[in-house]
Each structure stands twice: as C-alpha cells, then as structure tokens.
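Student: Given chain A, work out where chain B should sit, using these hints.
Listed below, chain by chain, are the residues.
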Amino acid sequence: MNEMAVPLPDDIDGAHALELFRQMLRIRRFEEKCAQMYSSGKIRGFLHLYIGEEAVGTGVMQSVAPRDAVVATYREHGHALLRGISMNAVMAEMYGKQEGCSRGRGGSMHLFDKATGFIGGNAIVGGGMPVAVGYALAAKMQQNGAVAWCIFGEGAMAEGEFHESMNLAALWQLPVVFCCENNYYAMGTALDRSESQIQLVEKARSYRVVAEEVDGMDVLATEAAARRAADSARAGNGPYFLEFQTYRFRAHSMFDAERYRSKNEVHEHELQGPLRTFGARLEASSLLDEQRRAELEADIAREIENAVAFAESGTPEPVSELGRFVYSEVQP
Amino acid sequence: MSQSITLVEAVNLALMHEMGADENVVLLGEDVGVNGGVFRATVGLLERFGPRRVMDTPLAENLIAGLAVGMATQGLKPVAEIQFMGFIFPVMEQIIGHAARMRNRTRGRLSCPLVLRAPFGGGIHAPEHHSESTEALLAQIPGLRVVIPSSPARAYGLLLAAIRSPDPVIFLEPKRIYRAVKQPVEDNGQALPLDTCFTLREGSDITLISWGAMVKETLEAADTLAGDGVSCEVIDVATLNLLDRDTLLASVSKTGRAVIIHEAPRHGAMGAEIAATLSERGLLDLQAPIARVTGYDTVMPYYRMEDHYMPQASDIVDAARQTLEFA
Numbered sequence: 001m002n003e004m005a006v007p008l009p010d011d012i013d014g015a016h017a018l019e020l021f022r023q024m025l026r027i028r029r030f031e032e033k034c035a036q037m038y039s040s041g042k043i044r045g046f047l048h049l050y051i052g053e054e055a056v057g058t059g060v061m062q063s064v065a066p067r068d069a070v071v072a073t074y075r076e077h078g079h080a081l082l083r084g085i086s087m088n089a090v091m092a093e094m095y096g097k098q099e100g101c102s103r104g105r106g107g108s109m110h111l112f113d114k115a116t117g118f119i120g121g122n123a124i125v126g127g128g129m130p131v132a133v134g135y136a137l138a139a140k141m142q143q144n145g146a147v148a149w150c151i152f153g154e155g156a157m158a159e160g161e162f163h164e165s166m167n168l169a170a171l172w173q174l175p176v177v178f179c180c181e182n183n184y185y186a187m188g189t190a191l192d193r194s195e196s197q198i199q200l201v202e203k204a205r206s207y208r209v210v211a212e213e214v215d216g217m218d219v220l221a222t223e224a225a226a227r228r229a230a231d232s233a234r235a236g237n238g239p240y241f242l243e244f245q246t247y248r249f250r251a252h253s254m255f256d257a258e259r260y261r262s263k264n265e266v267h268e269h270e271l272q273g274p275l276r277t278f279g280a281r282l283e284a285s286s287l288l289d290e291q292r293r294a295e296l297e298a299d300i301a302r303e304i305e306n307a308v309a310f311a312e313s314g315t316p317e318p319v320s321e322l323g324r325f326v327y328s329e330v331q332p
Numbered sequence: 001m002s003q004s005i006t007l008v009e010a011v012n013l014a015l016m017h018e019m020g021a022d023e024n025v026v027l028l029g030e031d032v033g034v035n036g037g038v039f040r041a042t043v044g045l046l047e048r049f050g051p052r053r054v055m056d057t058p059l060a061e062n063l064i065a066g067l068a069v070g071m072a073t074q075g076l077k078p079v080a081e082i083q084f085m086g087f088i089f090p091v092m093e094q095i096i097g098h099a100a101r102m103r104n105r106t107r108g109r110l111s112c113p114l115v116l117r118a119p120f121g122g123g124i125h126a127p128e129h130h131s132e133s134t135e136a137l138l139a140q141i142p143g144l145r146v147v148i149p150s151s152p153a154r155a156y157g158l159l160l161a162a163i164r165s166p167d168p169v170i171f172l173e174p175k176r177i178y179r180a181v182k183q184p185v186e187d188n189g190q191a192l193p194l195d196t197c198f199t200l201r202e203g204s205d206i207t208l209i210s211w212g213a214m215v216k217e218t219l220e221a222a223d224t225l226a227g228d229g230v231s232c233e234v235i236d237v238a239t240l241n242l243l244d245r246d247t248l249l250a251s252v253s254k255t256g257r258a259v260i261i262h263e264a265p266r267h268g269a270m271g272a273e274i275a276a277t278l279s280e281r282g283l284l285d286l287q288a289p290i291a292r293v294t295g296y297d298t299v300m301p302y303y304r305m306e307d308h309y310m311p312q313a314s315d316i317v318d319a320a321r322q323t324l325e326f327a
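Read top to bottom, the protein sequences are chains A and B. Position one of the first sequence corresponds to residue 1 (full-length UniProt numbering), numbered consecutively onward. Position one of the second sequence corresponds to residue 1 (full-length UniProt numbering), numbered consecutively onward.
Everything labelled a hint here was simulated from the structure, so no lab data went into it. Remember, it's a predicted structure, so these values are computed and weren't measured experimentally. In this text, a Cβ means the ideal position worked out from N, Cα and C, and glycines have one as well. Be aware that one or more of the hints could be misleading.
Claimed, not checked - If you only want the chain B side, here are some residues facing chain A, beta carbon under 8 angstroms, derived:
| hint | residue |
| --- | --- |
| 1 | G66 |
| 2 | Q74 |
| 3 | H98 |
To be verified - Output of the computed footprint for chain B on chain A, the stretches with three or more beta carbons under 8 angstroms from beta carbons of chain B:
| hint | stretch |
| --- | --- |
| 4 | 95-107 |
| 5 | 123-132 |
| 6 | 136-143 |
| 7 | 157-166 |
Unchecked claim - Computed Cβ-Cβ distance ranges for the label pairs, DEER-style:
| hint | chain 1 | residue 1 | chain 2 | residue 2 | range |
| --- | --- | --- | --- | --- | --- |
| 8 | B | M92 | A | L322 | 23 to 29 angstroms |
| 9 | B | F326 | A | S320 | 38 to 44 angstroms |
| 10 | B | P142 | A | Y260 | 34 to 40 angstroms |
| 11 | B | A276 | A | S328 | 24 to 30 angstroms |
| 12 | B | G44 | A | A15 | 56 to 62 angstroms |
| 13 | A | E305 | B | H129 | 56 to 62 angstroms |
Just chain A, same shape as in the assembly (with noise of 0.2 angstroms):
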C-alpha cells in the first residue's frame, strides 16, 4: 500500500499491533454506518464523528483499567466502544431506543454507562471536567486506585473549567489524566484564532502538571504516553496532562459548511491518517495483509450489522415512563 511505510520495531507484539488496528477500524466503520443511518433519518439529533482521531482513543483505552472512569465529551462513539459498551448498546442509543447504554434518553452525545465507567458523553463543552475531578477526588478518598480519564477538546481549554480542575487536580495531587484531543479546531475557529497560548502543554504546565505533547495520529505513541501517565497517576503523583495532536476528518458535525478550513487540508491530513499509516506499517512488517484486512472488515461489518438489527428491532420507551427518573422513586 505504501511502500515508504517504516515498519513497526523488532520488540513489537504483533498480535497486540493488530489488534490496535483492529480497535481503530472498528470505531471507524461503525461511525462510517451512524453516518450513512443519520442521512437516512434513522438517527436524529446530532452526530459528531471521530473520523481521524480513532488513534488517541484507541491507545489511551489501553490503559484505562476496570475501576477507573472515563468522562469524555460528545465526540465519544468511539471512546465507548473502546471502554466496552457493546456496539449493539452504543447503536441503539443512536436510535433512541431503550435498549441503548442510556435507555434512549441520551443518543450521540450522552451516552453512559454505570458498569463500565463511563461518565458520558458531555454536550457542553468542558462540563465534564469538574466532575472527572470529583471522581477522582473520590477515589483517592477511597483508596481503590482508581483513575479518572478526562477526555476533551482543544475547544474546551478556553473553558474556565479547564482552569478550575486543573488547579484543583494538582493542588490536591488528584488521580486525573487529561487528554486534550487537540484536532485545531474548536467547531470552526481554528486553535490560533481561539487561544492566546497555542502551546497547549504550557498551560498544563503553570499549574505544574506534567504534560506532554503526543503524535494523536500514531497509536503506537499514543498507547505509550497513555501508559506513562496512567503509571504516573497511579502512582500518586498527581494529574497528568496529555496534548493528542491529531485531526478530524469529516465535518463537526453534521450541519457544518466547514468555511474554516480548505479541501486540501483536509486531504493532506487524510493521508497521514491513523489507519493509513498505521495499516502501512502493519503491512511492512508483514503483519497485515489483503487477506487479512478483508477478514477484520468482514467481522466487523457483521457486527455492525447486527447492531443495526438490533437497534432497528429495539423498542422505543413506554410514553408512560416520560415522568419516571425525574426523582428517586424511593424516598428513605
């Protein structure tokens, strides 16, 4: 495919490079199918996807362990699936039908799910990072080793709330890792137009936070910073702070003219994209080949498949629940 493709170290597991391929195709074409099912009117609301970016999530995930959270923000189709809600929850979600991970109350941007630690799905912007914090404070009064994945935008630093949760974080020498999905554009205004420092880890770094700036289309680095700042935090040294410099393929979300940004931009980054070259080097390492892939595309299309079924068979909620969850309904 690419004959230029570097390929992978000597040292590499080869079967766990496959399978962060695998990971990061996954997520991929399940957000291809929401895509195609939102045109068809068969999912509503928003949809905002993470086309390009499958590399930061898919290496953090790696070091997300059972006891810890993830907060994440609406672009999280693929964090969920990466946490393990399974991809028939996550797609009957996107319907708004009960059997989704929220029941059908959430859909794209609030999906969450008590058993595995996810914490949403956030529609407002930076809102989720108070509460990472919260959980990690939590933790740390529990003592269960836990650690809290807070996982934003660039967008979401112009948020006072960065500040807030980031000051305490440190002051407190809370179990919090940061990971700024930095793809330059919050919405539509581009990272220099929108922030008076763009050298994002220095902000991190006034509050004496660790951080470090990762290549977010290399899942290979990005597993690895991952790993340090998982140690790191597990550790009881505090938050760390993790700039994913990565890209979004497609529009914001579905209603965006993209006016901020060329044609061509986008296709030069679609060339350096994670599955492109990560696939590349698979192949130069003699890791992956057309068999192969077509055998990963294959599962993974049946699996989508049967979400689709399943979420297209799923049951809207009862009308009468319309008034359920607004209260505990048991009173001590």
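Tutor: Frame of chain A; chain B shown alone:
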C-alpha cells in the same frame, strides 16, 4: 436531650450528626474548614472530622459543584456550601446540566445525591449578590429538590433529610433569621419529610402561604389579624420542589382565601406557580382573588432602600384585609 439553638446552629448540628452517622458524608466549599464557614455554619466540623472530610476549596463555584457531582456518582454524599446565593450563578451549569439530570438521562442507573447549601435572601444590609432570592430559578428545574427551612427545628430535620435524599437538593438557608430566634432542638437524628408543607398555625378565615425568612413577618401579620378577630392559617411551604400542592389546596378549600408572601421578585416566581395551582384545582373554593405580597421586579437594592423592597408585616396585613373584604 434538647438544647436551645439558632437556625445556623441547627444547620451545624445536623451536619455534625450526619457526618458522625455516615462516613460517606463529606463537606466542601470556600472557607468551610479552617474558618468554619462565612456564617459559621460549619464551625468545629474540621476539628472533629478532619481535612479528608471537610475540604476548603479554591474560589471556584462551578468546580465545587462539579466535584460534588463526580463524588456523588461514586457513593459519597457531598454537602457543598456556596457562600451566598448570588455565587450560585456559575454553579448552574453543573447543577442543572449534570446533577439534576444524571438519574433521568441514565434511566435510574446513575444518580447524584448531593446537597448544595447556600444562604439566601435580603434584609441583612448586604449588596445585591449577597441578598438574592432566586429560588424560582432552581425550583423550575426537574430533578432538583429545593428546600428552605424557616426555623431551627426545621433546619435540623430538613437538612438531615436533604443529606439522606437520593436526589440532589438545593438547601437554601434564610440568613436574615440565622440568629433571629432560639428554639429547643433535640439532636435525635430525626429527619423531616421533603415533600410536605408545614402548617404552622391552623385557622379558618384566610391562608397565609410563605417560606424562609418571610415566615417571620407572616406570623407577625397573623398575630395582628388575630387581634381583629381574623383566624389565619399559616403555611410554611418549606419544599418548593417537590411542592406539596395537596396541603395548600386543602387549606384554601377550608378558608377560601389566600395570600402568598415571598421576598423574591413577583414575575415568574414561586408565588405564581402556587397561585396557578390554587386556581387550576381550587377555583371553586376561592371566595376572593389570590393576593401576592412580594419583592419588586428589580435588583435587590442596597441597604438604604432595602426596607422598602422587603415585604413588611403591615403589607401582609393590608393584603389579607383586602382579600377578606372582597365581596
């Protein structure tokens, strides 16, 4: 064994009791620890329960609320203090955006049992943000409980109930009467219901409905009217959401007349919701239009005009007389 204490001391007593009874109860806020709270509501708690459970936070109100949300999802019971109700505005995002709807959007799988305490109301010669009475902003939000005590005993029992509630509770403390009266309060761990009005005085001619610090003037007005031979039923609403409509309707079906008293501005306030309820479900029991005695539709004025803004007992008496004279 009961002791005679003020409302703010009752808040402290309830916190002391519940932190002793349940190690998951934690306090956080600005100056709640070393300094014992801006109004001394949390004094002594740091000394007794230590810095792990009584946390002085930076001055970052939305962060405080967000921390509470994160902790509450993990089985802790955070009680956060916002120093004045005017400082609650930055908190709205976390409280409305997360705390109030965590249960709903996960269909009961996650919940957010936290308490946000804030002193509220005017009449202490403080400037605008320190005299707010914006309880209607919060009472309108599905998923939040909004609770306002009007006496030391109710502060104790309602705060215990708020901490034990599986729902997020906004607990607004009428700071004008923090130290106005002392009342015997037994530290027996007995909570009061979170969905029930308190009928403070039974009567047959007219129902006076109020909450918070205005209950004081309402009771004074009832005393004055009693001198004229008017029998007032006085109700302390106490839980603005969930609102105990049945108690209010039952009272008005008996008296046929109602005056609603609050210091918040009139437009779109809780008085309007209560009046609407009485009209919708109690119209045929009413013998006169429902009257409202409220603050003005303006920003709380600085202290020289404060007495003019705040409803006085005489205003309540006048409104009641007009209601009673309606043919």
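Student: With reference to the structure, classify each hint as holding or not holding.
Tutor: Outcome of the hint check:
1. This hint holds: G66 (chain B) has a C-beta 2 angstroms from the nearest C-beta of chain A, less than the 8 angstroms allowed.
2. Nearest Cβ of chain A to the Cβ of Q74 (chain B): about 4 angstroms, under the 8 angstroms cut. The hint holds.
3. Against a cut-off of 8 angstroms between C-beta atoms, the interface hint on H98 (chain B) holds, since the closest Cβ of chain A lies about 6 angstroms away.
4. Counting residues of the stretch 95-107 of chain A whose beta-carbon sits less than 8 angstroms from any beta-carbon of chain B gives 5, enough to reach three: the coverage restraint holds.
5. Counting residues of the stretch 123-132 of chain A whose CB falls under 8 angstroms from any CB of chain B gives 6; the rule of at least 3 is met.
6. Counting residues of the stretch 136-143 of chain A whose CB falls under 8 angstroms from any CB of chain B gives 6; the rule of at least 3 is met.
7. Under a criterion of three residues with beta carbons nearer than 8 angstroms to beta carbons of chain B, the stated coverage of the stretch 157-166 of chain A is upheld, 4 such residues being counted.
8. Distance hint for M92 (chain B) and L322 (chain A): a CB-CB separation of about 25 angstroms, consistent with the stated range 23 to 29 angstroms.
9. Distance hint check: the CB atoms of F326 (chain B) and S320 (chain A) are about 43 angstroms apart, consistent with the given range 38 to 44 angstroms.
10. Separated by about 37 angstroms at the C-beta atoms, P142 (chain B) and Y260 (chain A) satisfy the suggested range of 34 to 40 angstroms.
11. A beta carbon spacing of about 26 angstroms between A276 (chain B) and S328 (chain A) agrees with the range 24 to 30 angstroms that was offered as a hint.
12. Checking the proposed 56 to 62 angstroms range against G44 (chain B) and A15 (chain A) shows it holds: the Cβ atoms sit about 60 angstroms from each other.
13. A beta carbon spacing of about 57 angstroms between E305 (chain A) and H129 (chain B) agrees with the range 56 to 62 angstroms that was offered as a hint.
Every hint, counting from the list given before, is met by this structure.
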